[in-house]
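Enquirer: Chain Z is fixed; fit chains B, C and W onto it per the hints.
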Amino acid sequence: MTVANITVSETPLVLYTLRRADDALISGHRLSEWCGHAPMLEEDMALANMGLDLLGQARELHSYAAKVEGRGNDEDKFAYLRDVRQYRNLLLLEQPNGDFARTMVRQFFYATFADLYWRAMMRSTDATLAAIAAKSEKESAYHVRHCSEWIVRLGDGTEESHRRTQGAIDELWAFTGEMFAVDDSERGLIDAGIAIDPAPLRSQWLKTITGVVDEATLALPKNDWMQQGGRSGRHSEHLGHLLSELQSMQRTFPGATW
Amino acid sequence: MTVANITVSETPLVLYTLRRADDALISGHRLSEWCGHAPMLEEDMALANMGLDLLGQARELHSYAAKVEGRGNDEDKFAYLRDVRQYRNLLLLEQPNGDFARTMVRQFFYATFADLYWRAMMRSTDATLAAIAAKSEKESAYHVRHCSEWIVRLGDGTEESHRRTQGAIDELWAFTGEMFAVDDSERGLIDAGIAIDPAPLRSQWLKTITGVVDEATLALPKNDWMQQGGRSGRHSEHLGHLLSELQSMQRTFPGATW
Amino acid sequence: AARAAQFQARIDADERIEPNDWMPAAYRKTLTRQISQHAHSEIVGMLPEGNWITRAPSLRRKVALLAKVQDECGHGLYLYAAAETLGSSREELVDLMLAGKAKYSSIFNYPTLTWADIGTIGWLVDGAAIMNQIPLCRCSYGPYARAMIRVCKEESFHQRQGFEIMLTLCRGTDEQKAMAQDALNRWWWPVLMMFGPPDQVSQHSDTSTKWKIKRFSNDELRQKFVDATVPQAQFLGLTIPDPGMKQNVDGNWEYSAIDWEEFKQVLAGNGPCNRDRLAARRKAHEDGGWVREAAMAYAEKRRQRSALQAAE
Amino acid sequence: AARAAQFQARIDADERIEPNDWMPAAYRKTLTRQISQHAHSEIVGMLPEGNWITRAPSLRRKVALLAKVQDECGHGLYLYAAAETLGSSREELVDLMLAGKAKYSSIFNYPTLTWADIGTIGWLVDGAAIMNQIPLCRCSYGPYARAMIRVCKEESFHQRQGFEIMLTLCRGTDEQKAMAQDALNRWWWPVLMMFGPPDQVSQHSDTSTKWKIKRFSNDELRQKFVDATVPQAQFLGLTIPDPGMKQNVDGNWEYSAIDWEEFKQVLAGNGPCNRDRLAARRKAHEDGGWVREAAMAYAEKRRQRSALQAAE
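Protein chains in written order, with my numbering: chain Z, 20 to 277; chain B, 20 to 277; chain C, 70 to 381; chain W, 70 to 381.
Chain Z on its own, in the form it takes in the complex:
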C-alpha cells in the first residue's frame, strides 16, 4: 500500500512558513479560476497578475518550508500530496470566487492585511523570510490599490453593484479575524524576531479598510464574532473540492515528472 499523503514534520518554523505558503497557493489558485471568465479583458489580465504574484510567493514559501524541514519534501509535494486536513491556509482564502464583488472583497481584505504583514516581516531575523517579504510587500501594495479601486467603484457604482458588494462584505467579514490570530506555535518565533505579531496590525488594517469602505458608501458589519480553523486544518467544505481538482493529476499519476 502506497502512503497517499506525505507526512510533514511541523516544527514551528515549518508550520509558520507552510501557513503563509498555503495562503498564497490557495488564493492564487482561486484567482486563476477566473482566467478567461472575467467581466472584462483588463480584469482577466489583472486577476491573472495577482494570481501569478501569489503563486510565485507560494512556490518560494513552500520551497523554503521544504528546506527548513529537510526531509525531502518540495513545493510540489506540499501542494499536491497533502490532504484537506493538512492544509494550513486562512479560511477566508478558500472561500469560492462567487461573483466579481465577492472575489474583490476577499482579496481586498487579504491584500490589505498582507501588505502590512509583509512590510513588518521585512524586519524578520530570518533572512529568507525577510527577502520573500520584501518582494511580496511590493506585490501586495499593487493588489491593495487594485482591489480598493474596485471596492469604491462597485460600492459607489450602481444599486446592484452596491448591493452585491455589501453582501460580500457581510458574508466574508467573519473570516477576517483569523488573519490576526496567533497560536502557541507562533509565540516562540515572534519572541525570536523570526515572525511578527500580527495583532497590532489590526488597527491599521481596520483604518485602511474603513477608509475605502466609507468612500465606497458601504458599511462594515457590527458582528464581531470571528470564524477560525484554517490554521489547524479545520477547513470549510469548499477546500476539499478545490483540492480534488488541484491535485487530480498528481494523485492520478503518483511519482511522475511533468
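Any given hint might turn out to be false.
Claimed, not checked - Sample of chain Z residues with no beta-carbon within 12 Å of chain B, all distances over it, derived:
#, residue
1, G75
2, R138
3, A146
4, A200
5, P217
6, R221
7, P240
What the hints assert, rightly or not - Straight line, CA to CA, 30 Å or less: simulated BS3-like cross-link-like pairs of lysine-lysine:
#, chain 1, residue 1, chain 2, residue 2
8, B, K96, B, K86
9, C, K352, Z, K241
10, W, K172, B, K241
11, Z, K96, B, K96
12, C, K246, Z, K96
13, Z, K157, Z, K96
14, C, K333, Z, K241
15, B, K96, W, K246
Unchecked claim - Residues from chain Z that keep clear of chain B, each with C-beta distances beyond 10 Å, as calculated:
#, residue
16, E156
17, W224
18, V231
Don't read these hints as lab results, they were simulated from the structure. Note that the structure is a prediction, hence the values are computed from the model and not measured. Backbone N, C-alpha and C define an ideal beta-carbon position, used for all residues, glycine too.
Expert: Relative to the frame of chain Z, chains B, C and W by itself:
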C-alpha cells in the same frame, strides 16, 4: 512507478457492455449532483430515484463487463481507474446539469431512447444482458414518464420556463444522434443477436419526442448535424472535471478498501 | 378551561391527539415549532452528507449514500406533512427557515471534511437522533408519532451503515484509521450537544413533558447515548476525545464538561457552516423559483382548459 | 481612383499605411475583419488552455500556463486596439463574435482532454500560428504589423514551452508517452487546417496579396510548417498520424489529403466545442455586465462631482 489507469481488454462484448455501463454511471452521477439542490423536495426525491436506478444499472453492467473480460477488473476499477480517454459514455450524458430544464431535456432525450433500447435488448441472446434489460426497461419507463411530464409543464408553463426549455433542446439536440450510431465493433454482436441495432429505434424515438415536444408547445431544431465521439473516448471538456471529482478518493488512496 | 382539563386527561390516559381534535394553542405552537425544526433538520442535513455523494470512494458506497440522503429528504416530507396537520403550510415553514427565523439541528453546521465524516455522521449523529426520536414514537400527537416510527426504522438502518463505514476504515490502512479517529475527534462534542442544554437550564421541557411530547430529559438521553457509544468506540479501536471520561459504579460513563459556549455560538448563527447551509438552501429555493412557477402556471392552464371543455 | 493608385504605389514601395492615411474601403474592411478575427481567436483561445490551469500537474507548470493564457489575453487587447485604429470599437467587434457573426480560429473548437493537449497546443498550435504570423510582421498596415512583432515574440516563447512539455512527457512513463502520442493524433489534422483551405479554393487571397496583407499562400505556409514539425516529432519519438506521409526529392514532407469536410463543419459551428466556447464567452460577458455598468456609473458620478467642484 505504479500504473495509474487500468488497461481494459476491449473485446467487442466488453466494449459494448462498458459503453452502456458508462452511460448509466455518468448519467447517474450527474443526477446525484442535484441532491439537496433541486427546485422542490419532490424533485430531490425524483432525481435521486432516477440517479439510483442508473447507478444500479451501472454496477450490474460494469460487473458483467468485468466478468466477460476476466482479467480481475471490477465495477470500482472500471469506474475509478480509467481516465477520460477510456470512458465510453455518450457525450449527451456528460453534459453539465445546467438549470433544471437542461437536466430534464437531457434525461428526457436519453430515457426515451433507453426505454426503447432496453425493451429491444430483452430479446438479447446474452442472458445477463437480457436480464439487465428487463430491469432497466421498467426503470426507464418511469424516467420517460417523469421527464415527459416536466417537459410539458415547463414548455407550456411560463414564458421563462418555455424559453429555458427550448434553449436546452436547441443546445442538446446535436448530441442525440450518437445514441443511434453503430460502429464496426458492434456489428458482429448485432449479427449474433447479442446486441440490437439501435438505428431502427430512431423513428419511434422521434415520434415519442415529437409528441411530447408538440404538447409542450416547443419545437425540435432543424439542424441535423450530429456530434459524436464519446463511444471512442473523444469527450467534451466536461467529463474530465466530473472524473477528477468522482475519482478523487480512489486516486488519492490507491488500493484501499472502503 | 374545561376543554383544557379534558385534553390533559386524554394525554394522561395515553390517548393520541389527532389533527381535528381540540388542542390548546400552546400545544399546537410547541408541536409546530418542534416538528418543523425537525423537518428543517432533515432537509439541511442533506447538505453535509450530500457533499460527499460525488466523491464516495466506491460505487456501493455512492449508491448507499445517495439513498440515505434521499431518505432524509423523505423524512423532511413526512415531517412537513405532519406539521401541516397543525395548520401551517410547508411553504410558510420553509420561508421561516430560509429567513433564518426557524432553527434546525446545530450539528449540521459542522463541515464534512473527509470520507470518515460520512461514517461518523451515520454512526453518531444518526445514533443520537435515534436516541432522541425513539421516545417520540409515543408522542401524544398522532401524526408526529406515526412519522417518527417510520423515520426511526430508516435511521437505525443508516446508523448501522455508518458504523460499518467506520469499521471498514478502522480495519483499513493506517491513514484510513487516522481518518476515522480524526472524524471522531471533531464530531464527538458537537454530537453530545445534540441532546440540548443541560437539564438545569433547559427551556420548554416542563410543558413538553406534561403534554407527553418529551418523555426523557436532555441529560438522561445524553447519558444513554454515551453509554451505548463507548463500547462501540472500543470495538472500533477508536479513542473518545475526552481524557477525563470514566465509568462510574453504576456502569455509566461520566463525560467531562461540555463547552456550552460553542453550542450557543453555533445556535446564534456562528457555527462553521451556518452561512453555507442557509446559502445553499436559499440558492436551491431561488434557482428553483421559475420551475415552481411554471408548474403552477401549467396546472392553472390545465384547470382552465378542462373547465372550458366541461362547459362545451 | 488617383488616390487608389497612389495608395497601391505606397504599398508597392513597402511603405507602411497608418491609421490617418487614406485607404480603400475594402482594405479597411478586409483588415478589420482579419485583425478582429485574430483578436477573437486570442480570447477564445484562452478557454481550451484555461481548462487546465486549475489542474496543471506542478506549480511550475501552473504558473507558466496561467502566464501564457494571460499573454493571449494581452494579445487580444493589442489586436482589438489595432482594429480600433480602423474605426470599429472593441465592443462592436466583440458583440459580433458573441452573436456568432464573426469567426475565430477553428482550432479552438477542439477540446483539451489531457495535460498532453496543453503541450501539443503550445508546440503545434502556437507553432502554426507563428508560421502564419511572422509574415504579418511585415504587413502593410502599421498598427497590425507592430502588434504582430510583439505577439510573435511571445508566441515563440510559448511554442518552446509547449515543446518542452512534450519532451518531458516523452521522456516520462509509458502512460505519459502514450498521452503525448494520443494528443498528437487528435491535434495533427486540425492544426494543418489552421492554414486555411487549399490555394485552389482560397478566397480573399488575391487582394490580400496585392495589398501585402498576405505574403504567402495557405499551402506554402502549411508546407513550411510540416517540414519544420516532422523532425521535431522524430526528436520526440512520436509518430505523426499520417501513414501516407513521405519525404520527396526536394526534402519536403508530403502529407495525405486533408478532410476539408471536417473543416467546413467546424467552421459552420459544428465542431466539438463551438457551443461551449461561445457559451463560455457569453456567460463571462453577461455575468460581467453589472460590473461594467458599475464602473461606468462610477466614472460618470466622478465626472459630475469634479465638474461641480470646478464650478464652485
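Enquirer: Next step is simple, just say for each hint if it's right about the structure.
Expert: Hints and how they fare:
no.	hint	verdict
1	G75	25 Å, holds
2	R138	38 Å, holds
3	A146	37 Å, holds
4	A200	30 Å, holds
5	P217	33 Å, holds
6	R221	37 Å, holds
7	P240	27 Å, holds
8	B:K96 <-> B:K86	13 Å, holds
9	C:K352 <-> Z:K241	25 Å, holds
10	W:K172 <-> B:K241	22 Å, holds
11	Z:K96 <-> B:K96	26 Å, holds
12	C:K246 <-> Z:K96	22 Å, holds
13	Z:K157 <-> Z:K96	28 Å, holds
14	C:K333 <-> Z:K241	18 Å, holds
15	B:K96 <-> W:K246	22 Å, holds
16	E156	35 Å, holds
17	W224	36 Å, holds
18	V231	35 Å, holds
Every hint from the earlier list agrees with this structure, and none is contradicted.
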